[in-house]
Amino acid sequence: MAGLTELIFDGQLYGAVAIQKAAYRAMHAFTLDLKVDGDNILCTLVGNITTEQEAFERAVEEFRKDVLDYQLRAQLQVETAPIRNLIIGLAFSNARLNPSE
Amino acid sequence: MSKFQGLDAYTRSAKYELLPFKFDRLEGDNYVITNMTGEYLEVAKPELHVLLAKNLATEHPLFASLRAKHFIRYADEQAPLDLLALKLRTRLSRLTGFTSLHIFVVTLRCDHSCPYCQVSRQMDGETSFDMTSDMADKALDFVFRSPNPAIKIEFQGGEPLLNFEVVRYVVEAAKRRNLEEKRDLEFVIATTLSLLTDDVLAFCHEHDIILSTSLDGPADLHNANRPRVGRDSFERFEAGLAKARNVLGVDKVSALMTTTDKSLPRVREIIDEYVRLGFNGIFLRALSPYGFAIKTRKFMTYDTERWLEFYKEGLAYILELNKAGIPFVEHYASLILKKMLTSNDPGYVDLMNPAGAGIAAIVFNYDGSVYASDESRMLAEMGDQTFRLGNILTDSYEDIILSDVLLDALEQSFTLSAPMCSDCAFEPYCGAEPVFHHAIFKDVLGRKAESSFCKRNMSIFKHLIGLMKSDTSTRRLFMQWANAC
Amino acid sequence: MLKLAGKVGRIQLVEVQDRPLLLQVSTNPAIPMVLRATRAFLVSEQELPEGYLHYLIPEGLEWRVKELEGKSSFTLLPNDYHYLGHGDIIRLDGQAIRVLFRANSGHNSLLVTEQCNHYCLMCSQPPKNIDDSCILNELEALIPLIPRETPEVGFSGGEPTLAGARFINLIRMMKSYLPKTVVHVLSNGRTFADESFARQYAEVDHPDIMIGIPLYSDDPDLHDYIVQAHGAFHETVQGILNLKRLNQKVEIRIVLHKQSISRLPQLCEYIARNLLFVDHVTLMGLEMIGFTRANLDALWIDPADYRDVLSEAVGILAAYRMNVSVYNHQLCLVNDDVLPYYRKSISDWKNEYVPECEGCARKSQCGGFFSSGVRNGYSRAITPFSTVTSAQ
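These protein sequence lines map, in sequence, to chains A, B and C. Reading the first sequence from the start, the letters are residues 0 to 100 in numbering that gives the first Met the number 0. Reading the second sequence from the start, the letters are residues 0 to 484 in numbering that gives the first Met the number 0. Reading the third sequence from the start, the letters are residues 0 to 391 in numbering that gives the first Met the number 0.
The hints are simulated quantities; they were obtained by calculation from the structure and are not laboratory data. Glycine residues also receive a C-beta, built at the ideal position from the N, C-alpha and C atoms. Treat the hints with care, since some could be wrong.
Between beta-carbon pairs, the in silico distance windows are [said to hold, decoys possible]: (1) C:H279 with B:T393: 53 to 63 Å; (2) A:A1 with B:G382: 27 to 37 Å; (3) C:H279 with B:E205: 37 to 47 Å; (4) A:N84 with B:E304: 36 to 46 Å; (5) C:R379 with A:N84: 53 to 63 Å; (6) C:Q124 with B:G277: 49 to 59 Å; (7) C:E357 with B:V49: 53 to 63 Å; (8) B:E304 with C:R379: 49 to 59 Å; (9) B:G27 with A:Q11: 25 to 35 Å; (10) A:N84 with B:T471: 36 to 46 Å; (11) C:H279 with B:S421: 35 to 45 Å; (12) B:R230 with C:T388: 47 to 57 Å; (13) B:S421 with C:R320: 31 to 41 Å; (14) B:K174 with C:Q124: 58 to 68 Å.
Between the sequences and the hints, there should be enough to build the whole structure, so can you do that?
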């Protein structure tokens, strides 16, 4: 009685990585089969044997939100990577003394 | 006549830049964003998208706070970078101290036979489960190889008082060595107090030793958890507590609870017992995953839900106590709040990244085996030696500290490169827990989506954020907890 | 309120003076002649000791003039200066007197310059863009005359650090001549954003000195607006960081008014997260003086209306274990939880009470008002206490 759902994501808007990460997060409820078909990414969500139908559906809804979130996170990560490295560089630099040291 | 310019003359209108941050859903469509140093803000979903698109208006109520908490900046501003770097540095500075907690398991013998305990053996005259003074010497060599200016030596067992000669030996030897080493030395004995004598107390008083004891709740609960010949664990504990406080002082005796199934419906009673006995705080600990509970994961998930109810109810009761004028702290929350509200790190082994195993705490077993943590030792007693780092009688400090066992565990469980953790907004508050995840998943990373460690902590983080949002006096109380020494 | 400067009555000078005279006041008839030669004697009904450089004759004792006529320099003092005492230092310049230093006061503040690079909406000492380096000359002459047992001296302006190396020199002189005197400097901190200036300051290594630096908001735009200077917030923060890197003591000062109250708790959280290492944070009531009156609409808020915000702010700083003090508020306008941090602080030559205070049991614990406040406006909620301590 495992749940089963198919979703299609537009490959122009969503990366496979975002989908995989969202799926990883949902693995307590289902596992994912991923297939690229031209411009689309086809997802088959197979509910875990121990997951009730209602819990499965809730997990699918969370999954859809998570895909968008992970897509945004990827963009944010790329955009802020240089400044993140700058900050870490400053943090580990020996050039200036830390006021609380 | 006005030579004064209005606010608009000073309002910048350039496009802002995003500083590094992460985000996660709180509940519904409300998000929390966190920066590298753990500062956070709650943002609704539409606002988050506008923020990420760099279209948030200067007049927006969140704008000034986003700037002040270093989520955004104008490209020509250097101060936000300097301040973030400073805070990050403060947060990480504990790492340079390296190992501070050294646990000496001086015996496995015990006068109790608690069902959840993996380690102790029946009480008898046998000394084959005792640490010898040779091992103690070698262990002390190891201890003083740590560069940390503050060293804590904690005696555990079984019941350490059953091998008090070695406790005495270690304390005296350590203090002798410390005349030259000049560290800040602290000693703790973890004991049930059932075997406390005047001699032991006199020694503890002389050497400023702290006693860490166990209090599981009201007498019936405590005794059910802790069977003993005579069935008088609680009574002996209470008598020992009074005696110890009298000789050593109230601040020198602390209590920890063990949470079992039986504790879950009775959190208020447990807290009341702590209050009645004059403790000013409690550590609402998680259910121990070791022992039979590991075997069925479903059982674990159910347990996590029930435990979270237990925790939230306990915390709510504690907040009531505080409102009624009784200062009382929940210690697990304090540790987390320290990470959320300050740039300091509490150095709690189970909530550290990189993991606290080995680099914050280390365990010397009675037989000379060295373990990366207390859990590592418990795992070994169940037959899994994965986190045994070596033996102090045969291996050098470098062999042990630089062992692949330890380094691999630290590296592979590192949250900033772990799936799900690396993107998680709550990562600054959390930790890597390689031993726990190995025990459940046979892999130090574990699958966080199925991990009760992850679920438990995420739920608590969200809960604390919610509590602070709803009530400024709670927020202020939490700030006090976060800044307690 | 004490009058510190003004015109004097008749003067007789025995020798020609071509510059202002700096004089230490003495009431001690027994000091040796070598010391009398550089001091002014404050005349009383007792016998007049000989040999003083100058004599000060208070109002009411004019009849003593005949003893000095033609023999010694003297000045007739109006009654405003009845408070003068031993150890005080005055400047006499033609017909003008200014009291530069009062030995009895706990709060001597020395003005370094009236120039400033800010133009704060509530400035109590409006800036003047003139070359007043002669003030520095006078301070350099004054410091060696200050009694060595003086507990504390303050430096203010304008912006004292605009005097650059001469400012640092004043600090050095304080260390040399008054090594046991605590020094408190009021500065916007921006000059310390220049690392070499900060280093020169630190190199003086004064044994007990603190710089009081205002920060009015966690929002840089709001802070810049309040001080009317672009880029002020960021330079001030850099200045604070530089000073703390060099282990110098820093106090953050927050004047409370409608603009700064709007984000006060957020500012306190900002300080607690980013500037936890500062040595002191002070929250101060508004003075109804200088520019404040021109900007009243933007600034005035009845302290009774922000008492809860003040409690929250103090609560945050105290939770983070920072040193906090609340200055320049009336006792009846703060909540009980602020009392541990409340300082009776209005300096003794400025404080007064109003008719609403009549019968208050805690007057002696309260700082009262600035006389400017009495004149120009104060809270509608002044309420006398009927008991000396609160019920709690």
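Please list, smallest to largest, the hint numbers that this structure does not respect. Hint check: nothing fails, all pass.
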